[in-house]
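K.L.:
Just so you know, the protein sequences line up as chains A and B, in that order.
Residue numbers for the first sequence follow full-length UniProt numbering, so the first one is 1 and each next one is one higher.
Residue numbers for the second sequence follow full-length UniProt numbering, so the first one is 1 and each next one is one higher.
Take these hints with a grain of salt, some might be off.
Since the list gives no way to pick out one identical chain from another, each pair is judged satisfied if it fits inside one copy or across any two copies.
[Claimed, not checked] SDA-like mimics (lysine to any residue), calculated; alpha carbons at most 20 Å apart, straight line:
1. Lys5 with Glu54
2. Lys5 with Glu116
3. Lys97 with Gly166
4. Lys72 with Asn128
5. Lys5 with Gly118
6. Lys182 with Gly166
7. Lys97 with Glu187
8. Lys5 with Arg141
9. Lys5 with Gln117
Calculated directly from the structure, the hints in this document are not laboratory data.
Small disclaimer: the values here were computed from a predicted structure and weren't measured.
There are 2 protein chains.
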Amino acid sequence: MCMLKELVVKNRSYRRFHEEVRIERGTLRQLVELARLSSSGANLQSLKYLLSAEPEKNARIFTTLGWAGYLKDWDGPVERERPSAYIVMLFDSAIAKTCFWDHGIAAQSIMLGAVEQGLGGCMFGNVNRDELRRVLDLDERFEILMVLALGKPKEEVRLVPLPPDGDIRYYRDADGMHYVPKRSLEEIILG
Amino acid sequence: MCMLKELVVKNRSYRRFHEEVRIERGTLRQLVELARLSSSGANLQSLKYLLSAEPEKNARIFTTLGWAGYLKDWDGPVERERPSAYIVMLFDSAIAKTCFWDHGIAAQSIMLGAVEQGLGGCMFGNVNRDELRRVLDLDERFEILMVLALGKPKEEVRLVPLPPDGDIRYYRDADGMHYVPKRSLEEIILG
């Protein structure tokens, strides 16, 4: 499974970007197309999307995001290292009562597609939803599920085994290398 | 994005299989490895997995699944057209309070990996969880999130535009061809 596994491994949560590398709206549409073609619980397709590739709008979305909860001494990327684009994933309550696990499926399709294009990003559930709703002037029928931040990654992320104490918190070393402890296959497959 | 898009398009919900084509436990482990390497909310990694590639166990899992809700005149695949293997995805409540959207991310990684290997399958949320818990002799700390049924697909699935009345229910024609109406990109991208 080399091809896909390569994408899956490369598809890390990136939080620092070459912000000067712009992302075209057409690229965002290609990524949403991957989500559109992915499976949906009971085929209800209750997910909707809002795109931002404009610096001004990006800046307003940026202020609503909570960055890297485990990096207490880091408030998120500085100017010029921020995402070049965002895909805001919404749940359309006029279509269904639940989106099942469609949001995860769609997000993974989008992020793998981004990595295939030499991009990368981060999925945000830690969002100031009231503020983002104002920024996007969003109708009440839409629930903000997550924000996908995208850009040309400017940091390296390495997967490492869990430490003996089992701490799953990611961390950075003095050089800014980002490490993510992952549970072993033996730990997650039962029996 | 040809490579990934090809996998995404091929990755349909398949419900009839060449059951005689067995799936090795090692293949299931490779697929779970793709889920293990995928991103996890707050990196908590609360998902656990149970594998079945044995005909007897498969038969017991099969009886707990609700097949194709929209195909009222079809009770699911007949013998010899049933899945060759299952991956049962569990939430480990000893690790976290929620799995966020990890289940969708993991399921998409697994299914795309299966398609890359010439396999395919279906994600089940419609599961008799009490019965499956008995079948698997599952500890209370584990919540059954979904069942991934896998096999060598024996049916063709085509994506089609939504009909004028907007009905999203999938259907089959007289030849058993399975059709899945998908909303347009214009409908799901707002603004």
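K.L.:
All the hints need checking, so say for each whether the structure fits it.
P.N.:
Do the hints match the structure? See the list:
| no. | hint | result |
| --- | --- | --- |
| 1 | Lys5 with Glu54 | neither (32 Å within a copy, 26 Å between copies) |
| 2 | Lys5 with Glu116 | both (12 Å within a copy, 10 Å between copies) |
| 3 | Lys97 with Gly166 | between (37 Å within a copy, 17 Å between copies) |
| 4 | Lys72 with Asn128 | within (18 Å within a copy, 43 Å between copies) |
| 5 | Lys5 with Gly118 | both (15 Å within a copy, 15 Å between copies) |
| 6 | Lys182 with Gly166 | within (10 Å within a copy, 43 Å between copies) |
| 7 | Lys97 with Glu187 | between (34 Å within a copy, 19 Å between copies) |
| 8 | Lys5 with Arg141 | neither (37 Å within a copy, 30 Å between copies) |
| 9 | Lys5 with Gln117 | both (15 Å within a copy, 12 Å between copies) |
Of the numbered hints given earlier, the model fails hints 1 and 8; all others are met.
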